[in-house]
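> Can you build the whole structure from these sequences, using the hints too?
Mapping to numbering that gives the first Met the number 0: the sequence shown position 33 is 32, numbers consecutive.
Heads up, a few of these hints could be off.
Claimed, not checked - Just the calculated beta-carbon pair ranges, DEER-fashion:
1) S71 / R46: 28 to 38 angstroms
2) D98 / S71: 16 to 26 angstroms
3) D14 / S39: 34 to 44 angstroms
4) E36 / S102: 17 to 27 angstroms
5) D14 / G42: 41 to 51 angstroms
6) K99 / G69: 19 to 29 angstroms
If you're looking for bench data, these hints aren't it; they were derived computationally from the structure. Don't be surprised by glycine CBs; every beta carbon is placed ideally from N, CA and C.
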Amino acid sequence: MLMAAAVGSGNPAPDPTKLTAYNYAVRCFFANGRMAELLSRRGDLARAATFRGNAQRSHQGAVTLGRGAGLSDAQMALDLDAFQSLEPARLVSDAAYFDKTASACKALGLM
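Below, the structure written as structure tokens:
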């Protein structure tokens, strides 16, 4: 889905395995943020804080993985913008997608 900025830029192609991990970490960032938002609305501030911490850890992991895959900070910023325009709405409107994402994030230790 991402890495469009890397194509044709003269940079070596990013490592596909690392890009997959990077993409999951970005998805986990948004999924954790969604959970934090829902829990905050319900008044469960302690659990919301846990998910905010998970979101921060996911974001940090995404940056580390992205750099390891050969992405620049500018490319990662473009990726976050692209995800921001799609991912939150998809997590809200597609329960099966949210469940699949959350399961992957849990398996990765990011949720």
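> Now tell me, hint by hint, if it's right for this structure.
Tested hints:
1. S71 / R46: 28 to 38 angstroms: Cβ of S71 to Cβ of R46: about 35 angstroms, so the range 28 to 38 angstroms holds.
2. D98 / S71: 16 to 26 angstroms: 33 angstroms, violated
3. D14 / S39: 34 to 44 angstroms: Cβ of D14 to Cβ of S39: about 37 angstroms, so the range 34 to 44 angstroms holds.
4. E36 / S102: 17 to 27 angstroms: At 19 angstroms between Cβs, range holds.
5. D14 / G42: 41 to 51 angstroms: 43 angstroms, holds
6. K99 / G69: 19 to 29 angstroms: For G69 against K99, whose Cβ atoms are near 27 angstroms apart, the range 19 to 29 angstroms holds.
Figure legend: structure checked against the earlier numbered hints; the only hint not met is number 2.
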